[in-house]
Amino acid sequence: MHGMRSILPAGPNQYFIIIHVKYPKERLDTMAIPDEEFLLKTTSACAGCPSSLILRYVTKAAGTDTVLVIPACCTSVIQGVYPTTAMNLPVYNVAFASAAAVASGMSEAFRAEGKKTNVICYAGDGGTIDIGIQALSGALERGTDFLYICYDNEAYSNTGMQRSGATPLGAMTTTTPGGKKDHKKDLDAIVAAHNPVYQATACAAYPQDLYNKVEKALTIPGPKFMHVLAPCPPGWRFPSEKTVEMGKLAVKAGLWVLYERENGKLTITGASKAAMKKRIPVEDYLSVQGRFRKITAEQTAEIKKTVEENIARLQREVDGIC
Amino acid sequence: MLTFGTGNKAVAMAVRDAKPVVVAAYPITPQTEIVEELANYVTDGSLDARYIPVESEHSSMAACIGAAATGVRTFTATSSHGLVYMCEMLHMSAGARLPIVMANANRSIGPGWNIGAEHTDSISMRDTGWLQVYVSSVQEAYDVTLMAFRIAEHTDVLLPVMINLDGFLLTHITQTFETVEPDDFIPPIATPHAIDINNPGGYGTLTPGDTHFKFRRDIERGMQASIPVIEETEADFARRFGREYHLYDEYRMEDADVVIIAMGTFGKEMEVAVDILREEGIRAGAIRMRWFRPFITPDLDGKDVVVIDRDYSFGFGGVVANELQAKCGCKPFSVIAGLGGQEVTYDDIAEFVRIQRPGTEHWFGVDD
Chain A
1 MHGMRSILPA GPNQYFIIIH VKYPKERLDT MAIPDEEFLL KTTSACAGCP SSLILRYVTK
61 AAGTDTVLVI PACCTSVIQG VYPTTAMNLP VYNVAFASAA AVASGMSEAF RAEGKKTNVI
121 CYAGDGGTID IGIQALSGAL ERGTDFLYIC YDNEAYSNTG MQRSGATPLG AMTTTTPGGK
181 KDHKKDLDAI VAAHNPVYQA TACAAYPQDL YNKVEKALTI PGPKFMHVLA PCPPGWRFPS
241 EKTVEMGKLA VKAGLWVLYE RENGKLTITG ASKAAMKKRI PVEDYLSVQG RFRKITAEQT
301 AEIKKTVEEN IARLQREVDG IC
Chain B
323 MLTFGTGNKA VAMAVRDAKP VVVAAYPITP QTEIVEELAN YVTDGSLDAR YIPVESEHSS
383 MAACIGAAAT GVRTFTATSS HGLVYMCEML HMSAGARLPI VMANANRSIG PGWNIGAEHT
443 DSISMRDTGW LQVYVSSVQE AYDVTLMAFR IAEHTDVLLP VMINLDGFLL THITQTFETV
503 EPDDFIPPIA TPHAIDINNP GGYGTLTPGD THFKFRRDIE RGMQASIPVI EETEADFARR
563 FGREYHLYDE YRMEDADVVI IAMGTFGKEM EVAVDILREE GIRAGAIRMR WFRPFITPDL
623 DGKDVVVIDR DYSFGFGGVV ANELQAKCGC KPFSVIAGLG GQEVTYDDIA EFVRIQRPGT
683 EHWFGVDD
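These protein sequence lines map, in sequence, to chains A and B. So the first sequence is numbered by my numbering: it starts at 1 and just counts up by one. So the second sequence is numbered by my numbering: it starts at 323 and just counts up by one.
Same shape as in the complex, but just chain B (with noise of 0.2 Å):
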């Protein structure tokens, strides 16, 4: 069904579709659209789940696992200061194999105040075993997040999955977008170690270091395991409902010399840009990296690399530059920018292919 709405709107509307049994809810900006829809969604009856209104996002995730640990499908969305503050519980449930599904609004965090998009909130949960998929659209929002319960679910992945969309630029913008019946295409859930009264067992006792090292390795497995899960679930999702995805979003790659490297609603400004490029007969192409974790190399062999963080690792620089380096082998041009919601347009991203300099960090916007 055609309808249109903002990106927070179009994850909740996801969820109710998908028909999670546990939705746990905490207000946070600019997220707060998404637990407020499913809330009327409850209340109205369009979505049979128990709405668990907790008193913070350490016990929302909390909530989640409780849940999940039973056997139910969950949800949760936070942002920001909700994110890191919940980043035990992100830990632990991704450590308990529980396929809990997350929406997070990227958000700066502070001091000082800060509400606009900013991807370190998520980057700097990148260890914890969740996956995490960035979105550009709000048809995107919509479709990855009834994707999302799929991928999570699957028992040969098992972990918990976050999308994430920009703060305001996607969670408040609104577009047209299709909603579907998604049927069987998200399959029971059927978690093989939920609890089970009559087969009692422990679950996270104490753990002697090498079975935790085993632990540990199992969460990689089910990280690499979980590429050809998505893959399976966007080419169903493709024959079932018309929209394609791949692990990355490529546009005039064919001949390219340089591509343009970033995540989130930077995507669509920069295919502007690289339209703007060609017109002045520089061979530009751009990736639209959509999995952060599992980290998805796109071969970039021979071509000049301008990647775009709206994050940054203090010490060590913009994270996709530099895990994209260090994947690849390339040196690129490692541009920092749209930090904190900065405005960041189609010319300026032409811009900064103009003035690449490989092996180097440039900061938008920043006089020194």
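This is chain A alone, in the form it adopts within the complex (with noise of 0.2 Å):
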């Protein structure tokens, strides 16, 4: 009735496949995420998909009473096509500037009703850094019980890989061919300064630290922010095999730190707490990426500047001397 809403499959549940994830013995008593399945398998993302892949810990996270506010971006497509979903929740798709703007009429909404439902933005770089960033900015200053989510690849990877404010100094896209002049916007201090109940970085290749962070940031009323690093097969131009690795350079090279920061008290967690002393050389990150393939020595040593300013910046903060 009244279309566009689409279903789970019918019959006997054929692509609801529970996903047991085989992890090494010891690890699994630091484990505590749940079997439940909210993506389910069979989806359309491109192999090697890191936004599948934080979708997926972030539903587990979240749990039943949750609904998903969801731009243009490539999640749009992954969820798959009417009248059927690869999504066990309730998904919202809205138009690219509009997530965090509709997140905050449904959950005024919810809370009038006496509702606790999670309402969650689930957003692309482009979505949130560009078009989105006038709603969101919005929605942080008035307060609206959320959490935001951006799941960062760098690019406008669902149109085809165009140049986003999130594509890093030097990197090819299809409209930056010769690489970009100009270097990667920083979010996370342009959300800083709405000083959001709740901030974190997360990345696809850690999802216990991205679980972790989703699951405390719905504990907190108020608006919640978090910025989430997706390694793109395609659009970063590496195999698809390769996502978590890539995911686990940045970190290690100092490129992307993990953190959260409540009550505006910040914490490094999980692998950058060894990144923030000793890192990897950029180059590590950059050499194995098809997208930097132009990059000159200059932008090289620009994105080194950049990677230790951020991270004694960050340091200060820790310390307490920002």
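Where hints are given, some of them may not hold.
Claimed, not checked - If you only want the chain B side, here are some residues facing chain A, beta carbon under 7 Å, derived:
1. Val364
2. Ser368
3. Val376
4. Ala391
5. Pro522
6. Gly524
7. Gly526
8. Thr527
No lab work stands behind these hints, which were simulated from the structure alone. Think of the CB as a built atom: it goes at the ideal place given N, C-alpha and C, for glycine as much as any other residue.
Make one complex out of these two single chains by using the hints.
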């Protein structure tokens, strides 16, 4: 009735496959990630897709009382084609620029009705850093009770890898065929200026860290924000089995720092604790991705400088001297 | 209760009486008084609603969409640049079949900056799937706002409704009007496709062409189904509260040879013009178009038709005149008047009839 509503495939839930991941036995004790799946198999994601990997752990942490608000992005496609869906949660697909504002309305309506339903925006970097930043800023400022997650694959990947404000210096995209001449926009500093109740970074390569942060964020009322690095095989031009490896390289090189900021207190988390002290060369990360094929020595030096400045800035904040 | 106030205040009071759960608000002249009044009602407790002070009109409609998706009653107001800025979300809200109600204070669009009355803002939103009604008095602004919720939320319709009132000419003039106790005149909202956590589904997912095509036709079915719903709502309103409304307003049409047609505040001026013309022996009548979408076609057979458009479609013509011509086969004298709040008196309107040449276009007050 009245269209636009996709449902789970009919029949004996043949697409409803519980994915049992085999972890080493000693790690199982520390893993609290439930078996229940909300992103079902047979999605239309690319091989090695980090966005669906992140979404899988986000939804596991969020649980059943959750609505996802999704602007135009890869996940618009990943969830499947009407009349079926790969999501076992209500998903509201909205216009590119509007996710955070839709979430404001939805959250207020749920709270007015006495419901605690999680409202989670799940948006790409273009929909967050570029076209959606006004709505995001507004929703953060007016204290909307929601969690906004930006999965950052550093380009407009859904439309075929065009430059976004999140594309790093020197990276080739279809609209920067000679390599990007500008730096990546500092989204986290912009968000921090809004002083949200909870802010964190995460990476597709570290699901436990991601899971813990989503789980914690959703216990706090008010505006929450997470920025998750999503290494994209076709966009970044690396083999599809190397998604996790690429994420780990970004963290180990200090290009991506895992942290959370709660009540104004910054905590470095997971693998970034070691990377704050000792890092692998930035070249180890850049050289294994085809998108940096045309990067210049000057640009590489610029990136190194930015990494060191960012690490120093975060360390000063941790030490309480910022 | 008899009271007095501006068109803006009447809309705000009707919204208060319709008890929405979520109001999204962003200021723009000449609508601002509506969202200010609603803020007062929420603050003093006379309206128990969540008031979302958004950062743009695009976001005010987005917030209404998010709230309406959960199945609650929503309202916002806008005008002019605000309306065209939220254009994308007008398509999204109608396409998602969400019964949002919005007031639009009709105002011209720049450049240059001009805040006078003009219908080009709402007329240019005609293909979004929104119902559009144009009112001509403060009382009508109040009454139609109440009716809009019932019409939009009717399960045969499930389309958003835009109440249009002329900027300043109606938003800022004060008249006496009577408020009512709506009670069950507006039934509780029951959106059949509201988000249900216990029955998860995808909304607005990737949709193949043949299915998309079907959804488009469903919108048109809702639009056509709205006509009997509007009539039934207006009839019930008259029964309960004693004020009669029809799909369009007629004045001295019984034996009219020439009919003046317009929307909005031209309505009352046209009636005076008709009286003046009748005294001169010209058998004139007037029809005030109230619903622009769905487009209601009056019977104009055998009559000369003078249409006053407070709008213009460049490269085409006055929109109401040309849509009437397309639907009725009449050859109207198309007058373009009142753009940007240009003053148009009943004497001017009477003169349009005296100088009419069927099938031609006349820009009032423009010397070429």
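Kindly indicate which numbered hints from before are broken by the structure, ordering the numbers from low to high. 1 and 2
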